[in-house]
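Chemist: The residues making up each chain are set out below.
Protein chains: 4
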Amino acid sequence: MAGSTFGTIFRISTWGESHGKGVGVVVDGCPAGLPLCEEDIQVYLDRRKPGQSKFATPRKEEDAVEILSGVFEGKTTGTPISMIVFNHTQRSKDYSDIANYYRPGHADYTFDEKYGFRDYRGGGRSSGRETIARVAAGAIAAKLLKELGIQVYAYTKSIGDIEIDNSRFNLEERLENPVCMPDAEAAGLAQELLSEKMKEKDSVGGVVECVVKNLMPGVGEPVFDKLDAKLGQALFSIGAVKAVEIGAGFKAAKMCGSQDNDQFYMDNGKVCKRTNNAGGILGGISDGSDVVIRAAFKPTASIFQTQNTINKNHENIEINIKGRHDPIIVPRAVVVVEAMTAITVLDLLLVSMTSTLSGIQKFFKK
Amino acid sequence: MAGSTFGTIFRISTWGESHGKGVGVVVDGCPAGLPLCEEDIQVYLDRRKPGQSKFATPRKEEDAVEILSGVFEGKTTGTPISMIVFNHTQRSKDYSDIANYYRPGHADYTFDEKYGFRDYRGGGRSSGRETIARVAAGAIAAKLLKELGIQVYAYTKSIGDIEIDNSRFNLEERLENPVCMPDAEAAGLAQELLSEKMKEKDSVGGVVECVVKNLMPGVGEPVFDKLDAKLGQALFSIGAVKAVEIGAGFKAAKMCGSQDNDQFYMDNGKVCKRTNNAGGILGGISDGSDVVIRAAFKPTASIFQTQNTINKNHENIEINIKGRHDPIIVPRAVVVVEAMTAITVLDLLLVSMTSTLSGIQKFFKK
Amino acid sequence: MAGSTFGTIFRISTWGESHGKGVGVVVDGCPAGLPLCEEDIQVYLDRRKPGQSKFATPRKEEDAVEILSGVFEGKTTGTPISMIVFNHTQRSKDYSDIANYYRPGHADYTFDEKYGFRDYRGGGRSSGRETIARVAAGAIAAKLLKELGIQVYAYTKSIGDIEIDNSRFNLEERLENPVCMPDAEAAGLAQELLSEKMKEKDSVGGVVECVVKNLMPGVGEPVFDKLDAKLGQALFSIGAVKAVEIGAGFKAAKMCGSQDNDQFYMDNGKVCKRTNNAGGILGGISDGSDVVIRAAFKPTASIFQTQNTINKNHENIEINIKGRHDPIIVPRAVVVVEAMTAITVLDLLLVSMTSTLSGIQKFFKK
Amino acid sequence: MAGSTFGTIFRISTWGESHGKGVGVVVDGCPAGLPLCEEDIQVYLDRRKPGQSKFATPRKEEDAVEILSGVFEGKTTGTPISMIVFNHTQRSKDYSDIANYYRPGHADYTFDEKYGFRDYRGGGRSSGRETIARVAAGAIAAKLLKELGIQVYAYTKSIGDIEIDNSRFNLEERLENPVCMPDAEAAGLAQELLSEKMKEKDSVGGVVECVVKNLMPGVGEPVFDKLDAKLGQALFSIGAVKAVEIGAGFKAAKMCGSQDNDQFYMDNGKVCKRTNNAGGILGGISDGSDVVIRAAFKPTASIFQTQNTINKNHENIEINIKGRHDPIIVPRAVVVVEAMTAITVLDLLLVSMTSTLSGIQKFFKK
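Protein chains in written order, with our numbering: chain X, 30 to 395; chain W, 30 to 395; chain A, 30 to 395; chain D, 30 to 395.
Because the hints were derived from the structure by calculation, they are not lab data.
Please note: incorrect hints may appear among the correct ones.
Computed cross-link-like contacts, DSS-like style, restricted to lysine-lysine with a CA-CA straight-line distance of at most 30 Å [as the list claims (entries may be wrong)]:
1) A:K78 to A:K230
2) X:K228 to X:K172
3) A:K175 to W:K50
4) D:K341 to X:K394
5) A:K391 to X:K299
6) W:K391 to D:K172
7) D:K299 to D:K172
8) W:K391 to D:K104
9) X:K395 to A:K391
10) D:K351 to D:K230
11) W:K104 to W:K78
12) A:K172 to X:K394
13) X:K78 to X:K228
14) D:K391 to D:K172
15) A:K395 to X:K172
16) X:K341 to W:K242
17) W:K175 to D:K391
18) A:K395 to W:K50
Beta-carbon label-pair distances, calculated as ranges [to be verified]:
19) D:E176 to A:E102: 54 to 64 Å
20) X:K242 to D:G178: 49 to 59 Å
21) W:H117 to A:D75: 58 to 68 Å
22) W:G103 to D:Q292: 44 to 54 Å
23) D:D296 to W:V72: 44 to 54 Å
24) D:E102 to X:E95: 24 to 34 Å
25) X:N349 to W:K299: 21 to 31 Å
26) X:K242 to D:E102: 46 to 56 Å
Don't be surprised by glycine CBs; every beta carbon is placed ideally from N, CA and C.
Chain X on its own, in the form it takes in the complex (with noise of 0.2 Å):
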C-alpha cells in the first residue's frame, strides 16, 4: 500500500533510506500564497540534525534541504511542493555486518519477513533519517498555522526518570539545553543520567509533550478522522512511539467523572475550561483550548553492550552492534513530534471549512 503517505488535503508523501542518495518528501495541497524559503525549513531541521552533543551521534550529518518545486517568487504556488535532503558522510561499511543479523528492537527482521530482503545500511527505510521528510513538510505546516495565529510547540517532558517540574517550566530554555528540557534543573539531571548509561553502553528512553496553542474550535471529523485518532496516527508513525496520550491520558483512567470533567464557564465573553483534561479535544474536536498530547519513545535500540539474537540462517548468535548511535532518541525526536502535529492540525483545519453551508456560502460570496 501507499503507506508513506499522509493527510487529505493537505498531504505528504515521503521517502528515502539511510544510505541511499538522499531522503525527501512530496507535500501535495499546500495552499497558493504562503512566502516560503529554504531558510524556513532549514531552521527546523537543524533542531533534529546529529552531532550537537555528546548526548547525539557525532556523525556530521549536512541536512541541507533544496525546494525543487512548488515555489515560485517566492510563495508556494498550490501545486506540489518537493524537498530532498542528501545524503553525504554515510560509511556504509560501519553497517556491513548487520547485513546477516537481526538487531533486537530494530525492524531487520520484520522486513526480511515482510519483503524478503532489505536495504540494511544503517537501518535503510527504518532508519530515523526518515524523519528528515517529515520535519521538513512539518515546517511548512507550522509555517502555514502561524500565518492563522496558531502555534505548535514541543519539548521533553521526561528523561528515564527524570521528569521537568511544571513550577521551573520555561519555554525558551528548551533550545538552550542539550536535552530539549523546558526546565534547566531537570535538563541537568537528565544530562547526569545520560553520561551514566552512556558509560554502561546503554540506552534509556522518554516522553515528548507537544503543545497546540490558539486552535480554533471545530478542528477535527467525527468519527473515525477525529483530531485525536488522526494526531494518535501520526505519533504512533514515528519510529520507537509506543504510547501516545492526550489530555489526562492515563491518568484518567484512575479519575472520577467529577475530577475529570472540564467544567466549562464563561471568561470575559469568553468561553473557558477550569481545567483540561481533555487537552483541548471534546468528541474528536478541537473545542479552542489548548491542545496537549505526549508520546512515549522507548530507549534507543542500537546499544553497545553484548546482546543474544538470531541470524538469517535463523542460528542463535551473539553481537556486538558498532556505529555511532545516540544513548537516547528523544531530544532529536522533539521537532518530530512538532511537524508531525502541525502537519495533522493543519490537514483537519483546512478540512473543516467544508462543515456548514453557511461558511461556504460566505466563503464564495463575492
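With chain X's structure known, arrange chains W, A and D on it following the hints.
Modeler: Relative to chain X, chains W, A and D alone:
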C-alpha cells in the same frame, strides 16, 4: 470530510445517531466466500448491550442487527455488506433539556461550534450507540481473521485503581463477571468500587487490553500506515479513549535499552523473542508474536452530581444531568476495542498480500 | 477494495443488490445546515423510476426513499446521511435460469471469475438498480449546488441515429416526452425507432449530455483530480457507458488549433469565450463557462432474441432471456448522469476552498 | 487537495514544473523484488523525448532519469521509489511575455483564478513536461505487468482525418515513423498533413489507442473503481485529452443490442468472445479478452497565428505566441497513454488479490 470511513481494502462507513431511526455500517471490500449470518454479528453486539448488570444503564435496547446486502446463499459476495440496527426504546424527553447547555466532558459544545447546531438527543452522533456500527463490522473482520487462524480478544485490565493480577489471569472469566475482567478477584473488588462510586453519584475510568494471537509477520505498512499507527487511530477514534499503549507502552520510556530490547532466539526451528516489550510490532510491521495494545478510557462524563457549565447563550449555569448512564464505560467498550483491532489488522493483512513480486506471481500462477 | 466509495470531502458509499432487501447510500461529508427532506430526494428518484412509459420496463417499483440519519429538525447535521430504498416487487423466479449461464453483454461471467460466485437474481450488484443510490446522493449534491447558484441538468442527446437539433432545443421539453429529449420532433422519431426495435426484439443505445451552469472558475485539482478526470471516472462508473466526451470531445481530434482554441474576450467587464470547445475546463480546472459533458450508453444487453453463449460448465448453449427489460437505458440514465456530475462537481468545489492562503485567512477571520 | 496522487496500492505522487529545477515522481506501494534500473525507465522516457523529428519541438531535452530511493542491489525494496529528471535546457526568456496574458486553449487563466498567481514559465505545472513523471512511473508498472505476462502498448490511431487501416496494421511500424502509427501508409499521409498545417502556422489533433493483452479476468472493483472508470480518470487526467472510449465506444450508442453483445463461446477449453465491443471489460471487471481504450487529443493550443485574447488586466488584446511547439501532441503522448494504462491496470490487479477468501487462504497457507 468523510470522517466516518476507515480502512483501505476492508473499509467501513458508519452512520447513525443515538435517537434517530437507527445506526448502521457499510462494510466494503470484504472478500467473497465468507460464511456469514446475522447471528455471527449478534453475538458481538450482545456483548456491548446495555442493561446486563447494575453497572450498565438499565435501558433495554434490542440492538438486533439486520444484514441488508452483500450476503447471498449464506456467504459474502464481495460486494458491500450493509447492516442496520434500528433504534427502538429511546425516550427523547429525557434529553430535551440538554439542547440548551453544554455538558462538561461531552461533545455538545464542539459539535455546536463546528456544525452550527446539533442533534442533541442522547448525544446524537457522538453517543456511545455509534459504536454499534463498529462492533457489527468488527464481528465480520474477526470471523474472517479466524478463518486464517488469527484470534483477537480484549478484556478489562483495570477499573480505577483495581488492576487484574496476571497470576490469576483466566480469559474465560471475563465473560463471567459484569466488568469483563479475566480475574475473578479483581472483578469483585472492581464491583465494590463501582457500587461505592454510584452511591457518590460519580463515575470511574479504566483500561482495556487487547491481544492478537497468531498474526503472521509482515503485516503493517511503513511509514504512516504502520500497524501500530493505524491501531492508534482506530483506538483513539473510540469516544472516551485518552491514551493508547503498545507493548511496554509508557513503561518503555523509563526503561534502558538493555531491558527493553526483545532478544530473538530459535526454539525448535521457530523464531521467538525472550520478551515482548515491542507488543508484537517492530518498525510498524507485525513480528509474529502477540500484538498487545491497551486503551485508557476516561470516566463516564454523565454524572449525577450538580455541575457548573455554560448554556447556549454563553451564561454560567448549574446543571443536574438526568437519564440513565453507566457509571463506567469500560466493560461495554471491551468488545469495541476488539472490533476496531480486528478491522485494522484485517485491512493491513489484506494490503500486505501485495508486498512482494514473488508472492504476487505465486498468487496468479495457475 | 472499497470500490463502492466515491469522493474526497463529499463522499458517498453505496450498497445493495437488485433482489436483496434494498439499495442504499451513506453520504458522508455533507455540510451542515442544508434544508433536506425525503421529498427532495424522491423527485430525483421518480425520474429514474421504471414503468413510466412503454419504453421502460413495466415493473412497478415503488422506490420510496427513507432518510435514516444525518438530518435533524429539517436540516443536515454534517454527520453521515444514510438513505435506503427497500426492494419490494422483485419476482425472483424470473431470474432463476440465469444462475447457470453467462448472458452476453452482462457482468455474469466477470463476477463469477472475480468472486467465485454471484448473486444472480436480476444482476445482483451489477443491476441498474444500483444507480438508485447514486441518484439519491446526487439529489443532495444538486440541492447544495443550487444553494450556491449552480445548476446541473442532463438530457438525451441521441438515440441510435436520431439526434436532437440544437435549433429546436427546449430544456423543458425533456420532461414532457418518455425519451427525455429536449426536442419534441427528435423525441417523436426516437419513439418510432424504439417501437420498431421492440418489434425486432432488439435494443438501442444513445448519448446523454449534461451541463453545469454558473460554476465558478477554479474548481478541479491538477493533475489526477482534474475536474474532467473525476467526471470521467464518475460517468464511466455508470453501467453501460462506453465513451465520455468533454466539450468538443472526439471532434477536437479532427480540428486544427485555430478552430479549437476558445478565444477569450471581455464583455461588460466579464471574462467570456467566443466558443466553448474546452467544455468549460482548462488544465482540469473550471473556467467559468458551462461545463459540457457527454456519455455514450451501449444498447440494453438483455434482448429477447435467441443468443449463443456458454454456461457455468463451460459448454456452448443457446439462450432466450425472459423477464422485463427496457429496450433502451438512456432515458432513465439521464438523471443518473446528472447525479454523478453533481456529486463530482460539489466534491471538487469543496476541495477548491483550500486553494489559497488568502482565502483561508478570509474564511477564519472573525 | 492532493490532486497529484493516483492509485490505491500502487500509488504515484508527481511533482514539478516545466522550468523549475526538475520533475519527478514518488512511486509508493511497488512490490519488492522487481529487478529495476534507470535504463528500464529511460527507454520509456526516450519515447516521449522532444526533438526527434521535424514534427516535434526542436528543443533538446536530456530527460535523464535518476532513481533516488527504493531500489537496492538491483531490485525494488517495497519502499517508495523516488525518481527525478532535472530540467536543463529551458530558456526562460522565451516565455516572459505570457506572464501577462491568457493564451487561448491553455490553463493560464484557470490557474490564476484558482491560485491567485502562477508559475508562467513554459506553462509551469500544466506543461506537458509534467507527463515525464507519469512515464517514469508507468515504466515500472509496465515492467511488473510484464513479469506477470501482461503487455500494454499504445499507438497513434488517427491524426486529423488520417486514420490507420487495420488491414495494414503492423505494431513494429509504430516505432519506425515519427507519428507512431502502426501503418506506414497512413503515417506518410499524416506527415504530409502535418507539414501542411505547419506551413499554415496551425496544429492538429488525433487519437491514441491502447491495448492490454493477457490480462486475467477479475481485475476492476465495482462500482466506482471499475477498470473502465479508473482508466477514464487516468486518461482524462492527461492534458489535452477531450474524449475517452472503451471498446466500441461511441459507436455502441448507435448499435443494436444484437450487434453490440459479444457472444461467449468455448474454443479448445478456453472461454472466448466472438467480438470485443466491450473492450475487455464487463461490469467494470476485466473479462480476459484484450482491453482496448482510446483517447482523443485536441490540437496543440500553442499556434503561431495571431490570436485574440485578454490580458491580466482584463483588456482585449492580440497575441503572437513565440517559442518552440509541436504541431501535434499525439505521437509523444502515445507513451503517456501507455504509462497511465499500465499504472491503472497494475493498481487494480493488486487490489483484486483480495477478492475471495479462498484466494487469501491459499496465499497465506504455508
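Chemist: None of the hints should be skipped; say for each whether it holds.
Modeler: Do the hints match the structure? See the list:
1. Pair hint K78 of chain A plus K230 of chain A holds up; C-alpha atoms about 22 Å apart against a cutoff of 30 Å.
2. For the proposed pair K228 of chain X and K172 of chain X, the alpha carbon gap of about 40 Å is over 30 Å, so the pair is violated.
3. At most 30 Å may separate the alpha-carbon atoms for a hinted pair to count; K175 of chain A and K50 of chain W meet this at roughly 28 Å.
4. Straight-line distance between C-alpha atoms of K341 of chain D and K394 of chain X comes to about 22 Å, which keeps the hinted pair within the 30 Å bound.
5. For a cut-off of 30 Å, the pair hint linking K391 of chain A to K299 of chain X stands: about 22 Å separates their Cα positions.
6. For the given pair, K391 of chain W sits about 17 Å from K172 of chain D by alpha-carbon distance, which is consistent with the 30 Å threshold.
7. With a C-alpha separation of about 27 Å, the suggested pair K299 of chain D and K172 of chain D falls inside the 30 Å cut-off, and the hint holds.
8. Among the hinted pairs, K391 of chain W with K104 of chain D is consistent with the structure: their alpha-carbon atoms are about 18 Å apart, no more than 30 Å.
9. Distance check on the hinted pair: K395 of chain X and K391 of chain A sit about 12 Å apart at the alpha-carbon level, within 30 Å; holds.
10. A distance of roughly 11 Å separates the Cα atoms of K351 of chain D and K230 of chain D; the hinted pair therefore holds under the 30 Å criterion.
11. In summary, the hint linking K104 of chain W to K78 of chain W is supported, as the alpha carbons are separated by about 26 Å, within the 30 Å threshold.
12. A C-alpha spacing of about 17 Å is found between K172 of chain A and K394 of chain X, which places the hinted pair at or below 30 Å, so the restraint holds.
13. With a C-alpha separation of about 23 Å, the suggested pairing of K78 of chain X with K228 of chain X holds against the 30 Å cut-off.
14. Distance restraint check for K391 of chain D and K172 of chain D: the Cα-Cα separation of roughly 26 Å lies within the 30 Å cut-off, and the hinted pair is therefore satisfied.
15. Simply put, K395 of chain A and K172 of chain X have alpha-carbon atoms about 20 Å apart, close enough for the 30 Å limit, and the pair holds.
16. Between K341 of chain X and K242 of chain W, the direct Cα distance comes to roughly 24 Å. Compliance with the 30 Å bound is thereby established for this hinted pair.
17. Pair hint K175 of chain W plus K391 of chain D holds up; C-alpha atoms about 15 Å apart against a cutoff of 30 Å.
18. Among the hinted pairs, K395 of chain A with K50 of chain W is inconsistent with the structure: their alpha-carbon atoms are about 37 Å apart, more than 30 Å.
19. Checking the proposed 54 to 64 Å range against E176 of chain D and E102 of chain A shows it holds: the Cβ atoms sit about 58 Å from each other.
20. At about 58 Å, the beta-carbon gap between K242 of chain X and G178 of chain D stays in the expected band of 49 to 59 Å.
21. Distance hint for H117 of chain W and D75 of chain A: a CB-CB separation of about 31 Å, inconsistent with the stated range 58 to 68 Å.
22. Checked against the hint of 44 to 54 Å, the C-beta distance between G103 of chain W and Q292 of chain D comes to roughly 33 Å, which is inconsistent with it.
23. Distance hint check for D296 of chain D and V72 of chain W: the Cβ-Cβ separation is about 50 Å, which falls inside the suggested range of 44 to 54 Å.
24. Separated by about 27 Å at the C-beta atoms, E102 of chain D and E95 of chain X satisfy the suggested range of 24 to 34 Å.
25. The hinted window of 21 to 31 Å between N349 of chain X and K299 of chain W holds, with their beta carbons roughly 25 Å apart.
26. K242 of chain X and E102 of chain D have their C-beta atoms about 48 Å apart, which keeps the hinted 46 to 56 Å range intact.
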